[in-house]
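In order, the protein sequence lines correspond to chains R and H. Position 415, counted from 1, in the first sequence is what the working numbering calls 532; the numbers after and before it change by one each time, with no gaps. Position 209, counted from 1, in the second sequence is what the working numbering calls 221; the numbers after and before it change by one each time, with no gaps.
A few of these clues could be false.
Restraint-style ranges between C-beta atoms, simulated for each label pair [as the list claims (entries may be wrong)]:
1. E291(R) <-> G128(H): 49 to 57 Å
2. A26(H) <-> D160(R): 48 to 56 Å
3. A24(H) <-> D160(R): 50 to 58 Å
4. G87(H) <-> D256(R): 39 to 47 Å
5. A400(R) <-> D146(H): 17 to 25 Å
6. D146(H) <-> K284(R): 30 to 38 Å
7. W168(H) <-> G165(R): 43 to 51 Å
Derived BS3-like pairs: lysine-lysine, alpha-carbon spacing no greater than 30 Å straight-line [claimed, not checked]:
8. K75(H) <-> K202(R)
9. K523(R) <-> K167(H)
10. K167(R) <-> K406(R)
11. K254(R) <-> K202(R)
12. K384(R) <-> K167(H)
13. K359(R) <-> K167(H)
14. K523(R) <-> K75(H)
15. K406(R) <-> K396(R)
16. K241(H) <-> K202(R)
17. K75(H) <-> K337(R)
Heads up, incomplete: computed chain H residues facing chain R, CB under 10 Å, no partners named [as the list claims (entries may be wrong)]:
18. L48
19. G160
20. S162
21. T164
22. E200
23. L229
24. T232
To be clear, the hints were calculated from the coordinates, so they are not data collected in a lab. What you are looking at is a predicted structure, and each value in this text was computed from that prediction instead of being measured. Ideal Cβ placement from N, Cα and C applies to all residues, glycine included.
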Amino acid sequence: MRLKTLVAVLGVGAVVACAPVQSGPTTSGTDEQTGQLRVWLFDEVNRGPKEAVVKEAVSEFQGRHSGVTVDVQYIQVASRAERFKAAFSDPRSAPDVAEFGNTDLAGYVSAGGFSELDLGRWDEAKDLVPTILDTAKVDGKTYGVPWFVGVRALYYRTDVFTELGLKPPATLDEIATTAREIRQKKPELLGISTGGKYVFAALPFIWAQGGDIARQDGGKYTAAVESAEAKAGVAQYAELIKDDICPPATCAGNGGDASVEQFRAGKAAMTIGGDFNRKSVDASSAAGKYGVVPLPGRTAGSIAPAFAGGNLLGVLKGTQRRTLGNEFVQLLASKKYQQKMYAAMGNLPTFADVQKQVSDSDKFLEPFTRTLQAGTRFVPVTPAWAKIDAQAVLPTMIQEVVTGAKNVDAATAGAAQAMNAAFAS
Amino acid sequence: MSLTARGQGRTAFAYLTPALLVLAGLLAYPIYQLVLISLYDYGQEQVSGGAPLHFLGLGNYRKLLGDQQFWTVLGQTVAFAAVCVAGTLLVGAFLAILATRVRTWVRMTLFLAALGAWSTPAVAGSTIWLFLFDANFGFVNEVLGLQGFSWTFDKWTAFGLVAAQVIWCSFPFVMVTLYAGIKAIPGEVLEAAALDGASAFRTAWSVTLPLLRPIILVVTIQSIIWDFKIFTQIYVMTNGGGIAGRNLVLNVYAYQQAFAASEYGLGAAIGVVMTVLLLVITLCYLRALRRSGEAL
Numbered sequence: 118m119r120l121k122t123l124v125a126v127l128g129v130g131a132v133v134a135c136a137p138v139q140s141g142p143t144t145s146g147t148d149e150q151t152g153q154l155r156v157w158l159f160d161e162v163n164r165g166p167k168e169a170v171v172k173e174a175v176s177e178f179q180g181r182h183s184g185v186t187v188d189v190q191y192i193q194v195a196s197r198a199e200r201f202k203a204a205f206s207d208p209r210s211a212p213d214v215a216e217f218g219n220t221d222l223a224g225y226v227s228a229g230g231f232s233e234l235d236l237g238r239w240d241e242a243k244d245l246v247p248t249i250l251d252t253a254k255v256d257g258k259t260y261g262v263p264w265f266v267g268v269r270a271l272y273y274r275t276d277v278f279t280e281l282g283l284k285p286p287a288t289l290d291e292i293a294t295t296a297r298e299i300r301q302k303k304p305e306l307l308g309i310s311t312g313g314k315y316v317f318a319a320l321p322f323i324w325a326q327g328g329d330i331a332r333q334d335g336g337k338y339t340a341a342v343e344s345a346e347a348k349a350g351v352a353q354y355a356e357l358i359k360d361d362i363c364p365p366a367t368c369a370g371n372g373g374d375a376s377v378e379q380f381r382a383g384k385a386a387m388t389i390g391g392d393f394n395r396k397s398v399d400a401s402s403a404a405g406k407y408g409v410v411p412l413p414g415r416t417a418g419s420i421a422p423a424f425a426g427g428n429l430l431g432v433l434k435g436t437q438r439r440t441l442g443n444e445f446v447q448l449l450a451s452k453k454y455q456q457k458m459y460a461a462m463g464n465l466p467t468f469a470d471v472q473k474q475v476s477d478s479d480k481f482l483e484p485f486t487r488t489l490q491a492g493t494r495f496v497p498v499t500p501a502w503a504k505i506d507a508q509a510v511l512p513t514m515i516q517e518v519v520t521g522a523k524n525v526d527a528a529t530a531g532a533a534q535a536m537n538a539a540f541a542s
Numbered sequence: 013m014s015l016t017a018r019g020q021g022r023t024a025f026a027y028l029t030p031a032l033l034v035l036a037g038l039l040a041y042p043i044y045q046l047v048l049i050s051l052y053d054y055g056q057e058q059v060s061g062g063a064p065l066h067f068l069g070l071g072n073y074r075k076l077l078g079d080q081q082f083w084t085v086l087g088q089t090v091a092f093a094a095v096c097v098a099g100t101l102l103v104g105a106f107l108a109i110l111a112t113r114v115r116t117w118v119r120m121t122l123f124l125a126a127l128g129a130w131s132t133p134a135v136a137g138s139t140i141w142l143f144l145f146d147a148n149f150g151f152v153n154e155v156l157g158l159q160g161f162s163w164t165f166d167k168w169t170a171f172g173l174v175a176a177q178v179i180w181c182s183f184p185f186v187m188v189t190l191y192a193g194i195k196a197i198p199g200e201v202l203e204a205a206a207l208d209g210a211s212a213f214r215t216a217w218s219v220t221l222p223l224l225r226p227i228i229l230v231v232t233i234q235s236i237i238w239d240f241k242i243f244t245q246i247y248v249m250t251n252g253g254g255i256a257g258r259n260l261v262l263n264v265y266a267y268q269q270a271f272a273a274s275e276y277g278l279g280a281a282i283g284v285v286m287t288v289l290l291l292v293i294t295l296c297y298l299r300a301l302r303r304s305g306e307a308l
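So here's chain R without its partners, still in its complex pose (with noise of 0.2 Å):
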């Protein structure tokens, strides 16, 4: 009898909890004018000039709004994930702004994130570079304001250049050989660091080829890596990554940052990296010692497509503060707090004119906006990118090409059914 009460309880708890939770609609009806706004941005290693840039726009939407306070709090970029997940489960503990990754916006909009923003009001907006502006966006709709962008080029040593008398490689091809040929003259040199799992630095080349990783059609995503154009460009990333010029003993398991901390060692003769290591690379033997010119394309004089990477500044759907959100995101993704942030952390600003301003003044940040004028290209903006991302699905492509364990056909197919599975799901 026992026995059957138990059973009993378990199987009217069963009934009643009959699937797994779920938080209610995020939409929140309301839209105050008072109170206080919380707002998320990501920590940085050096945080302190960008906190005193988002203290006096703070302080200046304070002084402009009466009775409204803002809230600012700085979270770990190595675990947005969590932090946004969280917040989109419960609105309650979530923030009215944040700042996010462009290529986190697909994952969260789907996730009912992030609220459409209506930048027809905004008289900068028509300012904004329409490449960076499309990373903002999805299916035609806008919602964040890039506040940055980040593209990569290729970092080389000027002094071992000279000593050797070599040039900076004028074409894809020439990056393996020019790479190569340092290696052999001088062994205790990497010929170009690089890293089976620096993806950013892998896409230019499928790129340039004239390949993509992924192809939409109707509004559907399908893999494209196993196009003749790809397969190329994965084959030729890959030759990097030998004994030759950057042994996969060392390389094939890094990323973007330990590619570029082999060149800040001192190790490399060239790596790729973005126009956001300049302080860690000033900061590091190699300073003085460096040059800079855009990643090469197929050909002499062209240059490769880059990975528009960057943030946005966004206002999330749960608000109760939609105004108030949307004019916070104006004001410091607005031109002057660009300008102010590119001083402060050399952040790349994306507004057309702007971007030409601090590149006149600045030598350094030539190639880069080069890079950036010659056009950027993006992963696609799809909440799969995100899957894509996690389960590694790239960086497994090049760094089975690398350690030879499949060939280039079998790679990338494996990687091409992997997409398609996250496409499809």
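Please arrange chain H on chain R, whose structure you already have, making use of the hints.
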């Protein structure tokens, strides 16, 4: 009479209720949720209410069992766990026996060192081992004259290194437990064996070992469960599963393929499969022991 028995039963049940409630809350409910979630397409969109729930039935399980990589990873996990369990038991047993034969200060030193390894957090321990085995600056390569040799690149050296780390941080439990067990064997029994003319080996095999059986059973099952569920060491030391994922074990695979990718339904399915596997392994082990004669 039967009335009293029932009354006693009620009282016993009342006393057990708090423990049962705690167990139900901490064990039954999560497992229930795990099984439930594994039957749905349950991603971030579904959690935060952006998309409707979609019942898949056994879809997640079909997907999982149909995935070639799952079987490879499962095989690797079983083999890796087996090596770790065997290594832990051998090292632990050897040092426990050693501890019974040495002087007090040597034993104290041994125990302190073992407790140090035991109490080191897994992330810290893994990182320290990585430093020790670093290709260029590591102490080990310095001593062996292997500068530039990467221990974590090759699949087998990477697995070997992680297995060594796992054994290092889990042998103390086996050692301490077995040492206590050996010490608890009454001196009279050993004396009787000696009087009967049993050799040292014979005493160990026919007297000590059978008496230690329940303890060995406990430490083995504990080790199997721990080592089958290894996550931290693989995740930290092989940087998330090694080059091209060749050092993945089941737990890291579940994290990478399912939880980090917000495929909670699939992740839950992997969790259920792991739980069932562990139960089966443990039951088989218990059964084998019972069949070999000893009452437990």
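Outcome of the hint check:
Range check, E291(R) to G128(H): Cβ separation about 54 Å, and the 49 to 57 Å hint holds. About 53 Å separates the C-beta atoms of A26(H) and D160(R), a value consistent with the hinted range of 48 to 56 Å. Range check, A24(H) to D160(R): Cβ separation about 55 Å, and the 50 to 58 Å hint holds. At about 43 Å, the beta-carbon gap between G87(H) and D256(R) stays in the expected band of 39 to 47 Å.
For A400(R) paired with D146(H), a C-beta distance near 22 Å keeps the hint of 17 to 25 Å intact. Checked against the hint of 30 to 38 Å, the pair D146(H) and K284(R) passes, with Cβ atoms roughly 35 Å apart. As the Cβ distance of W168(H) to G165(R) is approximately 46 Å, the hint placing it in 43 to 51 Å holds. Distance hint between K75(H) and K202(R) is fulfilled; the C-alpha atoms sit about 25 Å from each other, no more than 30 Å.
For the suggested pair K523(R) and K167(H), the alpha carbons sit about 15 Å apart, so the restraint of at most 30 Å is met. A threshold of 30 Å between alpha carbons decides the hint, and for K167(R) with K406(R) the separation of about 28 Å falls inside it, so the pair holds. Taken as a hint, the K254(R) and K202(R) pair is honoured in the structure, with Cα atoms around 20 Å apart against an allowance of 30 Å. For the proposed pair K384(R) and K167(H), the alpha carbon gap of about 26 Å is at most 30 Å, so the pair holds.
Simply put, K359(R) and K167(H) have alpha-carbon atoms about 18 Å apart, close enough for the 30 Å limit, and the pair holds. The straight-line distance between the Cα atoms of K523(R) and K75(H) is roughly 24 Å, inside the 30 Å bound, and the hint therefore holds. Proximity of K406(R) to K396(R) is assessed by CA-CA distance (about 14 Å); at most 30 Å being required, the pair is judged to hold. Taking the CA atoms of K241(H) and K202(R), the gap is about 25 Å. The hint holds against a cut of 30 Å.
Distance hint between K75(H) and K337(R) is fulfilled; the C-alpha atoms sit about 22 Å from each other, no more than 30 Å. For L48(H), the suggested interface contact is upheld, since its CB lies about 6 Å from the closest CB of chain R, less than 10 Å. A cut of 10 Å between beta carbons decides the hint on G160(H): the least distance to chain R is about 8 Å, and the hint holds. Because the beta carbon of S162(H) sits about 4 Å from the nearest beta carbon in chain R, less than 10 Å, this interface hint is met.
Look at T164(H): its Cβ gets to within about 7 Å of chain R, closer than 10 Å, so that hint holds up. Because the smallest distance between the Cβ of E200(H) and any Cβ of chain R comes to about 46 Å, over 10 Å, the interface hint for this residue is violated. Residue-level restraint check for L229(H) is violated (minimum Cβ-Cβ distance to chain R is 30 Å; threshold 10 Å). Residue-level restraint check for T232(H) is violated (minimum Cβ-Cβ distance to chain R is 33 Å; threshold 10 Å).
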